[in-house]
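Below are the chains, spelled out letter by letter.
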Amino acid sequence: MKLRIEHRLVVSRQDTIIMTATSALLSLPIIAVIFLAYGANPVLAFGRIFYGAFGSVYSVSETITKSIPLMLCSLGLTIAFQTGVWNIGAEGQLLMGTIFSSGVALSFPEWPAFFLIPTMFLSGFVGGAVWGLIPAMLKAKLQTNEVITTLMTNYVAAKLLEYLVYGPWRGKEEWGFPYTSKFSPSAQLPTIGSTRIHYPTLIIALVAFVALYFLIAQTKLGFEIRVVGKNPEATKYAGIDYTKVILLVMAISGGLAGMAGVGEVAGIQHRLRVGISQSYGFSSIIVAWLGRLNPLSTVFVSILYGGLLVGGEMIQISLGLPVGIIEMFNGIFLLSLLFGEFLLRNRISFEI
Amino acid sequence: MSQELMAFLVNTFEATIRAGSPLLAGTLGEIYTERSGVLNLGVEGMMIMGAVTAFVVAQMTHNVWLGVIAAAVVGALMAFIHAFMSITMRVNQYISGLALAMVGLGLSSLIGQGYVGISGYSLTPILFDFDPLVFLFILLVPILWFVLFKTKAGINIRSVGENPAAADLLGIDVQLVRYACTLFGGILAGLSGAYLSVSYIPSWTQNMTVGRGWIVLALTIFASWDPRGALFGSWLFGGIEILQYRLQPLGVSPSLLGTLPFILTILILVIGTRETFRRRMGAPSALGKPYRRGEE
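Residue numbers (the working numbering), protein chains in the order written: chain E, 1 to 352; chain P, 1001 to 1296.
Some clues are possibly wrong.
Stated by the list, open to error - With the Cβ distance kept under 7 Å, some of the chain P side facing chain E (calculated, not the full set): (1) Gly1106; (2) Leu1107; (3) Leu1140; (4) Ile1266.
What the hints assert, rightly or not - A few chain E residues that don't get close to chain P, going by computed Cβ distances all over 12 Å: (5) Phe50; (6) Pro112; (7) Leu161; (8) Trp175; (9) Ile203; (10) Leu206; (11) Phe214; (12) Gly222; (13) Ile326.
As the list claims (entries may be wrong) - Which residues of chain P face chain E? A partial, calculated answer using Cβ under 7 Å: (14) Trp1214; (15) Ser1253; (16) Ser1255; (17) Thr1259; (18) Leu1260; (19) Phe1262.
No lab work stands behind these hints, which were simulated from the structure alone. The C-beta atom is built at its ideal place from N, Cα and C for all residues, glycine as well.
Just chain E, same shape as in the assembly (with noise of 0.2 Å):
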């Protein structure tokens, strides 16, 4: 018996969106074996991270509320992506977004609500922009593969946050903790009734999603970018700057992880301090892929991976699970993704 593989020609947007969904439905067994593994109900352990994540109004406050940063950083992971740019680097790029907000907080507490808000959303955006901008510059001017370096972008971004927090900005009523000090009342960001959802990150969210919906279908930039996408090549002949595209669709996404960073310390902490994103930028790689790439699908898988987010430390507590299964998780449906992507690409048949 002989397995064969043949290529598929067309693939239909239906395929797309069965296999898609599929191929997510796929890791659940993976998964489940590894609960078993562990001692625990699979089943059980499915449900409560269901209920832990929409089961009541509490839990899908705290769902959105995760979302936000899904949002941002993944909507800014579906233009870089579909420019042929693989961005590894939305942890780094929203790290550096709340360290220059920080920046903006801690030294200037005293401005009104007002115009410290604003002015720290875009920090953070320009601190996300220009840790965006450096693999991109190396990209487009030296060819150097941005999937490493962007990835160690990662590591350095991380590496000064902790600088920071246990050197020069410290808090001095932290009793030690690696914290900066509390931002003013006047740096933290309002939320919605006694919830946690920081309106204004997700109003931002929501905009850069009509925005970036509007700048694909409709702008010289969008069919530029599906250009220099599909057929990197073809940029010369048709009188595309390939170095602007890379750069203005690298700004864009780093920028928007960056401000994913101004909602989580201006948002959720009020301070800065180590561990502030939850691998955000990762899980984002995951959702811009579950997303197809589309931005509208991309808010929606959003929202469903910021309920698995809630609904994994669900059970992180109650079953005693680390930190870390989160990422377990993101792997698993990757790979789930991509072999529904062979799947859909291909047509297989057995010869006896």
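Given the structure of chain E, go ahead and fit chain P onto it with the hints provided.
For chain P alone, coordinates are given in the frame of chain E:
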């Protein structure tokens, strides 16, 4: 005084070689993987799985060498998944490697959960401060260099990575060579992790590889895909790691020094990916490109 200085130098030299050892093992493996045309970004995951496996198995069996062997097996298993994804299924190798890195980091924290903070079994040094794994990795350098550049097997590996279609015409089993090299890379990544958890640090902590698996990818380029270069590169990075500890008492922030390996990695990549440099240095032409007969 001079005796003290001597002792300090010897001590620093030993520490450098020990710090470079996990990088050396990982890089040697990735050199073979990439020479055959497969890019494995999942080294970090295989390394950390090797680390947790070696530690846990050593604890359970009270035999540290069983732990080391188990780590090699786990590394090979993970590499097999990558090989299947990228060679047989021909999916995106970047994503497959990244996914395995994530799975490794998560799964290892789950497996090692009950073992954090326990002081574990450790390999015993046989000469100076070096245990057998250190010697094994160094010994592998000339052997792997010889095999890669002076034997038929080495020619086969390199031709599969350079021009799989031509290699296929010559009757070389492209898929088989690529599977073997990817598995070999996984075994060494597993051993490299084992070295961390049962020799270098003798304990288990989450995420204890701290990016070494990514540094390996840059060192592979830095070494220009030559085992001899891997030796030099890993000792250089080992030296930087030791420098971090040595400079800390002088008031230099360990966090800031900690950025050095990653910044250096970026610099190496920048130099290493210049097309002229790549051609001169022998980057495999078919790196990261899946092969199927009759298809360019």
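Subject >> Restraint outcome when P/Trp1214 is required to lie within 7 Å of chain E by C-beta distance >> reply: holds (6 Å)
**OP:** Check the non-interface label on E/Ile326: least C-beta distance to chain P beyond 12 Å or not.
**Re:** violated (7 Å)
Original post:
Given P/Leu1107 as an interface hint, is the shortest Cβ-Cβ distance to chain E below 7 Å?
Top reply: holds (5 Å)
**OP:** Using Cβ atoms only, decide whether P/Leu1260 comes closer than 7 Å to chain E, and label the hint accordingly.
**Re:** violated (9 Å)
Subject >> Distance rule for E/Phe50, whose beta carbon must clear each one in chain P by more than 12 Å >> reply: With a cut-off of 12 Å, E/Phe50 remains clear of chain P, as the shortest Cβ separation is near 20 Å.
Subject >> Non-interface label on E/Ile203, tested against every C-beta of chain P at 12 Å >> reply: For E/Ile203, whose nearest Cβ neighbour in chain P is about 31 Å away, the distance exceeds 12 Å, so it holds.
Original post:
E/Phe214 clear of chain P by more than 12 Å, beta carbon to beta carbon?
Top reply: holds (28 Å)
Subject >> Restraint check, 7 Å cut-off on beta carbons, for P/Ser1255 near chain E >> reply: Interface hint status for P/Ser1255: holds (4 Å vs cutoff 7 Å).
**OP:** Under 7 Å, Cβ to Cβ, is where P/Phe1262 needs to be relative to chain E, so tell me if that hint holds or is violated.
**Re:** holds (4 Å)
Original post:
Given P/Ser1253 was flagged as interface, is its beta-carbon under 7 Å from a beta-carbon of chain E?
Top reply: With a closest approach of 5 Å, the P/Ser1253 hint holds.
**OP:** Take a quick look at E/Gly222 and tell me if its Cβ sits farther than 12 Å from every Cβ on chain P, holds or violated.
**Re:** holds (24 Å)
**OP:** For the hint on P/Leu1140, just tell me whether its beta-carbon gets within less than 7 Å of chain E.
**Re:** violated (24 Å)
Hint compliance for this structure: hints 3, 7, 13 and 18 are not met, and every other hint is.
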